[in-house]
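Student: Here is what each chain is made of, one letter per residue.
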Amino acid sequence: MSELVWKPLAELRRLIAAKEASPVEVVQAFLDRIERLDKKLKAFITVCRDEALAAAKSAEAAVMSGQLLGPLHGVPIGVKDLFATKGTRTTGGSKILADWIPEEDATVVARLKEAGAIVLGKLNMVEFAYGPEGLNPHFGNAWNPWDAHTQRMPGGSSSGSGVAVAAGLCAGALGSDTGGSIRIPAALCGLTGIKPTYGRTSRAGVLALAWSMDHVGPMARTAADTALLLGPMAGYDPRDPTSSVLPVPDYRAALTGEIKGLRVGLLRAFFLESTGLVLRQAVEQAVKRLEEQGARVEEVALESAPQVTGASFAIVAAEALAYHEEWMKARPDDYGPDIRDRLRLGAFVSATQYVKAQRVRQLIRNEVDALLAHLDVLIAPATPIVAPPVGQTEVLVEGDRRDVRSSLIRFTRPFNLSGHPACAVPCGFTVAGLPIGMQIVGRPFDEATVLRVADAYQRVTDWHTRRPPLGQEAAPSPPAL
Amino acid sequence: MEGVNAKTLRRMAALLGFDWSDDELEALLPVLEKSLEAVERLNELALRDVEPAVQYRML
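Those protein sequences? They're chains D and V, same order as listed.
End of the first sequence = 480 in numbering that gives the first Met the number 0, gap-free, step of one.
End of the second sequence = 58 in numbering that gives the first Met the number 0, gap-free, step of one.
Hints listed in this document are in silico derivations from the structure and should not be mistaken for laboratory results.
Any given hint could be a false lead.
Computed cross-link-like contacts, DSSO-like style, restricted to lysine-lysine with a CA-CA straight-line distance of at most 30 Å [unchecked claim]: (1) Lys85/D <-> Lys287/D; (2) Lys112/D <-> Lys33/V; (3) Lys94/D <-> Lys259/D; (4) Lys38/D <-> Lys56/D; (5) Lys18/D <-> Lys39/D; (6) Lys6/V <-> Lys287/D.
Here are some chain D residues the structure puts well away from chain V; computed CB gaps all over 12 Å [to be verified]: (7) Glu24; (8) Lys94; (9) Ala109; (10) Thr149; (11) Phe269; (12) Arg279; (13) Ile314; (14) Glu318; (15) Leu320; (16) Val354; (17) Pro388; (18) Glu397; (19) Asp402.
Ideal placement from N, C-alpha and C gives every residue a C-beta, glycine not left out.
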């Protein structure tokens with residue numbers, strides 16, 4: 000069993016550059032693991048075996064001939080099947096695009112390849128990214144690797160991204176996030192995943208769900224790896240007019256480990272207070288660890304949080320149906336019934352309701368900005384629940400019966416509306432071994448501080464080093480909460 | 000919400016060019032009612048001087 004699959008991205012790159020590991024050896028290790036585990040895990044829709052090995056051979060030749068190497072040279076990644084990949088089918092997790100072979104890479108895919116990354120394959124996802132549970136009727140449900148016996152939701156919509164990284168099937172992955180679709184699978188699969196600021200990363204070549212709410216970002220096992228992936232992805236793209244011209248900082252250099260004097264706002268009302276006890280305690284303990292490192296913490300509230308449901312429903316439902324209108328008329332039966340029903344809801348949002356929702360959105364953004372005027376980051380749980388079994392639609396949280404779907408997006412969706420960067424970070428496990436995630440939210444375009452806090456936390460904890468039981472070589476686990 | 004039933008929804012959908020059956024629309028009603036109630040609650044906010052977050056820009 001190759002330990003290469005568990006190495007951090009920076010370490011893999013170092014080994015490759017130092018000729019201590021060949022890119023072919025590294026890619027083969029991941030492909031072997033995919034071959035062994037993915038029948039059950041269903042993290043991949045398409046495995047690009049030949050292309051990945053060819054790219055690995057080119058990467059090896061570059062190393063041997065002393066060429067200048069990119070920051071991700073030889074590093075194997077997975078790409079959510081929402082992102083166009085030149086010459087490789089891109090399904091959007093759907094039957095409708097089952098045979099679509101794009102002629103061009105999505106911008107962020109092209110940039111990661113330019114940085115030297117090798118695409119192992121296209122990752123499973125919720126059909127057209129429209130759901131937080133991580134289920135897919137066409138390609139099968141990805142299996143959360145943290146429970147080897149009961150099939151649990153990996154979270155979505157970047158379900159395959161979460162499962163693949165957590166199970167060591169790729170070193171990092173791309174995801175998208177419209178209501179939590181990077182952060183929810185990151186939280187449920189024990190990973191670090193960042194939804195950057197709206198406009199920090201290009202959406203060109205990424206199938207849309209809701210144009211004004213879609214964000215694109217990386218998932219990995221650590222904040223350091225996430226920073227390494229975000230760097231090449233970020234930056235202005237003329238193909239995406241909403242992308243920002245602001246310069247991209249060196250995210251890796253920002254990971255100093257230093258958070259003395261950092262001002263943290265802990266979101267209790269609406270967030271912590273509606274979280275299960277074990278998760279609440281995990282986040283509170285995490286915040287204590289930050290205080291031990293010199294951070295100053297105060298409790299704050301996002302008063303407009305209860306309005307997020309109505310505002311985000313109106314925006315996402317209307318934009319999603321607008322995008323899908325032609326297919327919904329021509330091929331309605333090719334959609335999974337769940338997604339088809341969800342798309343239909345958009346027909347009943349009026350124009351004035353949509354505009355009102357966009358005005359409320361501005362209000363929410365103003366309030367988050369006001370909180371961050373005197374704070375560096377906000378912290379909240381990423382989700383109020385851990386991964387439920389597949390098929391469960393309701394869950395009990397401290398005696399209250401709640402809907403699984405709305406629970407999963409409750410804490411992530413506000414920051415899709417506001418556009419602020421938000422990163423899910425593992426902060427504990429339940430007694431049953433299921434991951435718990437917290438969320439770190441920062442100022443617009445201050446991903447550097449968000450990742451610095453995540454990295455500082457990971458320097459004094461080891462939740463992010465645990466390996467799931469699926470794979471038969473689980474590392475010894477630290478005690479659960 | 001009062002007045003929201005499959006017949007009303009079918010008329011609204013038809014305006015957009017969709018031809019959905021009463022059964023299909025009945026299935027949407029529980030979630031739709033809850034969602035539209037949430038949208039209604041946005042009326043409680045003071046939005047007089049708040050412009051929409053999505054606007055046309057010449058830059």
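Student: Now tell me if each hint is right for this structure.
Tutor: Hints and how they fare:
1. Pair hint Lys85/D plus Lys287/D does not hold up; C-alpha atoms about 47 Å apart against a cutoff of 30 Å.
2. For the hint linking Lys112/D to Lys33/V, the alpha-carbon distance of about 44 Å lies beyond 30 Å, and the restraint is violated.
3. A hinted pair counts as satisfied when its Cα atoms are at most 30 Å apart, and Lys94/D with Lys259/D does not qualify at roughly 51 Å.
4. Straight-line distance between C-alpha atoms of Lys38/D and Lys56/D comes to about 26 Å, which keeps the hinted pair within the 30 Å bound.
5. Taken as a hint, the Lys18/D and Lys39/D pair is broken in the structure, with Cα atoms around 34 Å apart against an allowance of 30 Å.
6. Between Lys6/V and Lys287/D, the direct Cα distance comes to roughly 56 Å. Violation of the 30 Å bound is thereby established for this hinted pair.
7. Against the 12 Å criterion, Glu24/D stays outside the reach of chain V, whose nearest CB is about 49 Å from its own CB.
8. For Lys94/D, the condition that its CB be more than 12 Å from all CB atoms of chain V holds, with the nearest at approximately 19 Å.
9. No beta-carbon of chain V comes within 12 Å of the beta-carbon of Ala109/D; the shortest separation is about 25 Å.
10. In this structure Thr149/D is separated from chain V by more than 12 Å, as the shortest Cβ-Cβ distance comes to about 27 Å.
11. Every CB of chain V lies more than 12 Å from the CB of Phe269/D, the least distance being 14 Å, so the non-interface label holds.
12. With a least CB separation of 25 Å from chain V, Arg279/D remains clear of the 12 Å interface cut-off, as annotated.
13. For Ile314/D, the shortest C-beta to C-beta distance to chain V comes to about 9 Å, within the 12 Å cut-off, and the non-interface label is violated.
14. Its beta-carbon lying about 10 Å from the closest one in chain V, Glu318/D breaks the requirement of being farther than 12 Å from that chain.
15. Once the 12 Å rule is applied to beta carbons, Leu320/D is inconsistent with being away from chain V; the minimum gap is 8 Å.
16. For Val354/D, the non-interface assignment is contradicted: its Cβ lies about 5 Å from the closest Cβ of chain V, within the 12 Å cut-off.
17. With a cut of 12 Å on Cβ distances, Pro388/D stays outside the contact zone with chain V, its closest approach being about 22 Å.
18. For Glu397/D, the condition that its CB be more than 12 Å from all CB atoms of chain V holds, with the nearest at approximately 22 Å.
19. The Cβ of Asp402/D does not lie farther than 12 Å from every Cβ of chain V; its closest approach is about 9 Å, which violates its non-interface assignment.
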